[in-house]
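Student: Let the sequences and hints guide you as you build the complete structure.
In the order they appear, the protein sequences are chains A and B.
Positions 1 to 344 (my numbering) are the ones given, in order, by the first sequence.
Positions 345 to 688 (my numbering) are the ones given, in order, by the second sequence.
No lab work stands behind these hints: they were computed from the structure.
Hints should not be assumed to be uniformly reliable.
[As the list claims (entries may be wrong)] Short, incomplete list of chain A residues facing chain B, as computed with Cβ under 7 Å:
1) Ile46
2) Tyr52
3) His97
4) Arg154
5) Thr243
Note that the Cβ used here is the ideal one computed from N, Cα and C, for glycine as well.
Protein chains: 2
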Amino acid sequence: MTASNRNESVSTGAQDFAAVFSMLKPHMAALDVFMRAQLDAFEPEIRGMADYCIDTSGKRIRPALVFTSGWTGGRVTTDLVRIASVVELVHLASLVHDDIMDEADVRRNRPTATREYGATAAVLLGDALFSHALNLATRFPTTEVCQAVSDSMRKVCAGEIIQTLRRGSTNISRADYERIIDLKTAELFRVSCYLGSRYGGYPMAFVEAASSFGRHLGIAYQVYDDLADFFGDEKRIGKTLGTDLVSGKLTLPLLTLMDRLPASAQVELVEEITGKRPPQPALRLAQMNELGVFPVVTEAVQQELRLAEAALAPHLALPPAPLLMRLCEVLRQQVGALRERPQT
Amino acid sequence: MTASNRNESVSTGAQDFAAVFSMLKPHMAALDVFMRAQLDAFEPEIRGMADYCIDTSGKRIRPALVFTSGWTGGRVTTDLVRIASVVELVHLASLVHDDIMDEADVRRNRPTATREYGATAAVLLGDALFSHALNLATRFPTTEVCQAVSDSMRKVCAGEIIQTLRRGSTNISRADYERIIDLKTAELFRVSCYLGSRYGGYPMAFVEAASSFGRHLGIAYQVYDDLADFFGDEKRIGKTLGTDLVSGKLTLPLLTLMDRLPASAQVELVEEITGKRPPQPALRLAQMNELGVFPVVTEAVQQELRLAEAALAPHLALPPAPLLMRLCEVLRQQVGALRERPQT
Numbered sequence: 001m002t003a004s005n006r007n008e009s010v011s012t013g014a015q016d017f018a019a020v021f022s023m024l025k026p027h028m029a030a031l032d033v034f035m036r037a038q039l040d041a042f043e044p045e046i047r048g049m050a051d052y053c054i055d056t057s058g059k060r061i062r063p064a065l066v067f068t069s070g071w072t073g074g075r076v077t078t079d080l081v082r083i084a085s086v087v088e089l090v091h092l093a094s095l096v097h098d099d100i101m102d103e104a105d106v107r108r109n110r111p112t113a114t115r116e117y118g119a120t121a122a123v124l125l126g127d128a129l130f131s132h133a134l135n136l137a138t139r140f141p142t143t144e145v146c147q148a149v150s151d152s153m154r155k156v157c158a159g160e161i162i163q164t165l166r167r168g169s170t171n172i173s174r175a176d177y178e179r180i181i182d183l184k185t186a187e188l189f190r191v192s193c194y195l196g197s198r199y200g201g202y203p204m205a206f207v208e209a210a211s212s213f214g215r216h217l218g219i220a221y222q223v224y225d226d227l228a229d230f231f232g233d234e235k236r237i238g239k240t241l242g243t244d245l246v247s248g249k250l251t252l253p254l255l256t257l258m259d260r261l262p263a264s265a266q267v268e269l270v271e272e273i274t275g276k277r278p279p280q281p282a283l284r285l286a287q288m289n290e291l292g293v294f295p296v297v298t299e300a301v302q303q304e305l306r307l308a309e310a311a312l313a314p315h316l317a318l319p320p321a322p323l324l325m326r327l328c329e330v331l332r333q334q335v336g337a338l339r340e341r342p343q344t
Numbered sequence: 345m346t347a348s349n350r351n352e353s354v355s356t357g358a359q360d361f362a363a364v365f366s367m368l369k370p371h372m373a374a375l376d377v378f379m380r381a382q383l384d385a386f387e388p389e390i391r392g393m394a395d396y397c398i399d400t401s402g403k404r405i406r407p408a409l410v411f412t413s414g415w416t417g418g419r420v421t422t423d424l425v426r427i428a429s430v431v432e433l434v435h436l437a438s439l440v441h442d443d444i445m446d447e448a449d450v451r452r453n454r455p456t457a458t459r460e461y462g463a464t465a466a467v468l469l470g471d472a473l474f475s476h477a478l479n480l481a482t483r484f485p486t487t488e489v490c491q492a493v494s495d496s497m498r499k500v501c502a503g504e505i506i507q508t509l510r511r512g513s514t515n516i517s518r519a520d521y522e523r524i525i526d527l528k529t530a531e532l533f534r535v536s537c538y539l540g541s542r543y544g545g546y547p548m549a550f551v552e553a554a555s556s557f558g559r560h561l562g563i564a565y566q567v568y569d570d571l572a573d574f575f576g577d578e579k580r581i582g583k584t585l586g587t588d589l590v591s592g593k594l595t596l597p598l599l600t601l602m603d604r605l606p607a608s609a610q611v612e613l614v615e616e617i618t619g620k621r622p623p624q625p626a627l628r629l630a631q632m633n634e635l636g637v638f639p640v641v642t643e644a645v646q647q648e649l650r651l652a653e654a655a656l657a658p659h660l661a662l663p664p665a666p667l668l669m670r671l672c673e674v675l676r677q678q679v680g681a682l683r684e685r686p687q688t
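Tutor: What follows is the structure in structure tokens.
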């Protein structure tokens, strides 16, 4: 369930993002055309597999960040389309690999690449998508894009590895949790804003501010997603609740619950996470409601959103800043929607 | 067994390469220092895992091609060391992923990364190594290295995917086989020679010749390796013979045998490859001896070696050419050593 927790589980989130950014329609259309054209770069035998992954049903959150951070009045530039394609391909490749590891059968309402082509082919298909992303990144006059993206890729993988190695362990601090999501989620959000603003032609002071914004938004998004794993509406989110508990992942809601449970009750939760006792998501959700876990985690999201906004505050005169600010509002609304239906 | 067939199974091959190129000792020492230093680039939590993969027990055939193709009298240059490190990291990453798919437990006499850290972490570790290879490739003034390497990486993956999808299938022509090994093995040999000669400062006519040499040497090497899977000395090669038959891979020795068997006997072999009947490697080896498979496959190796040599012929005055030529001789000796002990 690693994958589903990487900004992919909450399908409504992206729809809301998309609604806010209906102004990005021509950009997204250009992105789709561009990404489809990339299929020609793959060997004929694997083109169909690549096509299967580069589908259009994705939410394109990272491309939206690229286009928004580089916004100069609506013009669709080749540079930004190419950068958006690079970050999306890296994201799609990482999903292909996540699905293998999670033995996931379905994503976006159809079989995963693993299910369709087998795990062996899926490992290699992910690699081929990664390679092509980096190859696209070299089509700039300097090595800057390739350098930034390959660095982010390594960080995303490191974050996932650390999380994987700690599954089923209860020896995780809040600082550990923050480091994991910073690497596995926030890094690609950050680099999307970094490259978007840079190739939108903005001064370095703004590029740095946008990068910081992207990072904090990414952290906020992942914490929200982890909260939704317990407090979300199953139908709306399209997945079973409490999957993190089932897969032994100590996310912030569980960390906070652990903290607030009396010592005697902690033992049982530890046993659930370490797989020594069947997990009881419904009980844990009830306890979270009882012990005030929700407001603590919500506050963590708000805190990151405030940091994201603060980073942009000195630059509100630049076109991308107010647009990026609106993303914070969207996420606030989504968190608010969760609060409206606690599942007690 | 995909992995073991990718130039890694025949341990003597590399020792011979190394013996011939004892002149490369300072280059290889510099490469080891450089690769160790790369560990700092990885997040502390995964450094140990990366270190486990960047061990010094590898044969470094691709780095040897880089250093030889760029040979200008023995000077160790930063550019060539960095390029050698990039191609070796790509190779090591692909081995990590191959071992996952083959469920291999042992490589180079110790547990594989999959065995040591689990398949999940190994998928991501391979990704992290790939990312870092590409990141190193960006440390050149232009995007050329990154572009060449990412392109090769995609081709290597494509070759492996095609081979994987065709495992257990008998609908493979000799042309299909050649295409697979051209992609999965020869491409990285080719790019090693391409970048080596290019950053050795040689003119484009030689760079193209060296690339062509590398490609043909890579094909020859893989055909030799596939031959050794049946005709090699088990002790010397350190693996069970006939693994390609067991894993349903139609390599040139098997393709040739199929061709020469009477139609009635082909059915049984087809059933062995498609997994409908237990494979009988000893019987197949006896038949290969009887039906003259060995000289046919040997001739395929020789043919590629002649093409490799022909590519270099107009450039014998340049320092790398005679050194590269010697690699062809080494491979000829190895093929000759196989012929000496047919296992009937």
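Student: Each hint should be assessed against the structure and marked as holding or not.
Tutor: Outcome of the hint check:
1. Ile46: Because about 5 Å separates A:Ile46 from the closest Cβ in chain B, which is inside the 7 Å limit, the hint holds.
2. Tyr52: violated (13 Å)
3. His97: holds (5 Å)
4. Arg154: For A:Arg154, the interface hint holds, since the closest Cβ of chain B sits about 4 Å away, which is under 7 Å.
5. Thr243: violated (16 Å)
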